[in-house]
Amino acid sequence: MKTNAEGPEDSFLHRLPVLGICGSSGAGKTTLIEAVVPLLLARGIRVAVVKYDARNVLVDRPGKDSDRFYRAGADVWLSGEGMFGRRHRNPGFKMLLAGLCRSYDLVLVEGHAGTPVAKLWLLGEGHSEPVPGPGPILHVLPWRQAEAKAVLAWITAWLDRQWCAAPVWGCVLIGGRSRRMGRPKHLLRREGRTWLEGAVAKLREKVDRVVISGQGEIPAALADVPCIPDAPGAAGPLAGILSVMRWQPCVSWLVTACDQPCLQPGALDWLLATRRPGVWAILPDLRGDGRPEPLLAYYDFRCRDDLEEIAASGRFRLGSLAGRSAVISPRPPAHLRQSWLNINIPADIPSSGPLC
3 MKTNAEGPED SFLHRLPVLG ICGSSGAGKT TLIEAVVPLL LARGIRVAVV KYDARNVLVD
63 RPGKDSDRFY RAGADVWLSG EGMFGRRHRN PGFKMLLAGL CRSYDLVLVE GHAGTPVAKL
123 WLLGEGHSEP VPGPGPILHV LPWRQAEAKA VLAWITAWLD RQWCAAPVWG CVLIGGRSRR
183 MGRPKHLLRR EGRTWLEGAV AKLREKVDRV VISGQGEIPA ALADVPCIPD APGAAGPLAG
243 ILSVMRWQPC VSWLVTACDQ PCLQPGALDW LLATRRPGVW AILPDLRGDG RPEPLLAYYD
303 FRCRDDLEEI AASGRFRLGS LAGRSAVISP RPPAHLRQSW LNINIPADIP SSGPLC
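Read left to right, the sequence shown gives residues 3 to 358 (my numbering).
Just so you know, the hints here were simulated from the structure itself, not pulled from any lab data. Among the hints, erroneous ones may be present.
Unchecked claim - Calculated pairs, DSSO-like style, for lysine-lysine (alpha carbon to alpha carbon, straight line, at most 27 Å):
1) Lys53 / Lys96
2) Lys66 / Lys53
3) Lys53 / Lys151
As the list claims (entries may be wrong) - Distance windows between CB atoms, simulated:
4) Ala349 / His16: 49 to 59 Å
5) Arg163 / Ser327: 22 to 32 Å
6) His337 / Glu193: 16 to 26 Å
Where a beta carbon is used, it is the ideal one built from N, C-alpha and C, also for glycine.
Construct the complete structure from the given sequences, taking the supplied hints into account.
Take a look at the structure:
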């Protein structure tokens with residue numbers, strides 16, 4: 003289960019939903035993409051298409067205001083019916099693709115067999131095999147056999163698998179005043195370990211890596227676990243979630259709070275199994291009353307812009323994410339719902355026996 007998700011952003015590329023549509027000239031790449039994209043959009047999949055080597059594109063005319071701004075040294079973005087940008091610094095093609103994955107469910111790259119991404123290959127007339135190059139060739143379509151519905155089925159099956167291959171880390175939120183409890187809740191002990199140690203141990207069994215977000219004393223047993231301070235300018239759990247998203251922008255998160263000691267491994271399994279392309283956050287609705295739980299929840303890295311918008315508004319309420327596009331609130335199975343129980347006062351803690 004453990005994988006190495008560290009390194010520069012392009013090291014994540016093989017685990018992100020980037021697919022090359024490649025083939026020889028005249029094989030029908032553009033026609034296929036044009037036919038498949040509307041079918042993907044109809045399924046709620048947000049798609050970006052990158053043309054690697056676009057030539058003779060008229061971005062702006064000399065003498066126009068935007069051209070003068072660019073020549074003066076500024077990066078310029080043109081908006082209207084569409085948007086186009088001119089940048090002085092080229093971030094690199096891999097970085098561009100990784101960046102697009104933060105806003106789209108699927109990124110299709112037309113052409114350029116030299117790009118090291120997974121590929122769907124269209125054979126041209128007179129060709130019997132793909133051209134060797136970097137990146138795996140996952141599927142080959144013979145000349146004139148790229149039928150849109152069949153390709154759609156293949157892409158969606160691949161996307162389902164690729165979506166679940168993206169890095170998922172665990173985050174335990176600590177901090178807060180703990181006024182009703184009278185002491186830091188993450189340091190409360192049960193059966194020989196703190197609540198924080200228990201949460202970290204449960205997450206470690208399900209994700210690539212675990213971090214702590216917030217401020218407070220950390221038990222010596224967790225000295226190897228990164229502790230990330232809250233994001234400045236935000237408050238509450240939102241500050242903790244934003245801090246880890248800014249720290250690792252291509253990682254998705256299972257987030258729990260230190261005062262949810264009844265967390266069951268099955269609840270984490272349920273959240274992971276509920277992921278699917280097009281879903282950017284899973285906030286469970288325990289009672290079916292439309293009031294979802296923002297803690298012990300799943301936050302895909304693509305929902306960061308929504309969280310940044312909430313923080314900028316000054317409201318800092320994670321619950322306001324509910325109801326937005328790509329955010330779902332399914333009801334967990336009844337036998338798992340105690341995992342979402344918050345313990346806030348001493349009277350809620352059993353005097354003996356198992357905690358939950």
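Evaluated hints:
Among the hinted pairs, Lys53 with Lys96 is consistent with the structure: their alpha-carbon atoms are about 13 Å apart, no more than 27 Å. For the given pair, Lys66 sits about 26 Å from Lys53 by alpha-carbon distance, which is consistent with the 27 Å threshold. Using a Cα cut-off of 27 Å, the hinted pair Lys53 and Lys151 holds, with the two alpha carbons roughly 22 Å apart. For Ala349 and His16, the Cβ-Cβ distance of about 51 Å falls inside the hinted range of 49 to 59 Å, so the restraint holds.
The given range of 22 to 32 Å is respected by Arg163 and Ser327, whose C-beta atoms sit roughly 24 Å from each other. For the pair His337 and Glu193, the supplied restraint of 16 to 26 Å holds, since their beta-carbon distance comes to about 22 Å.
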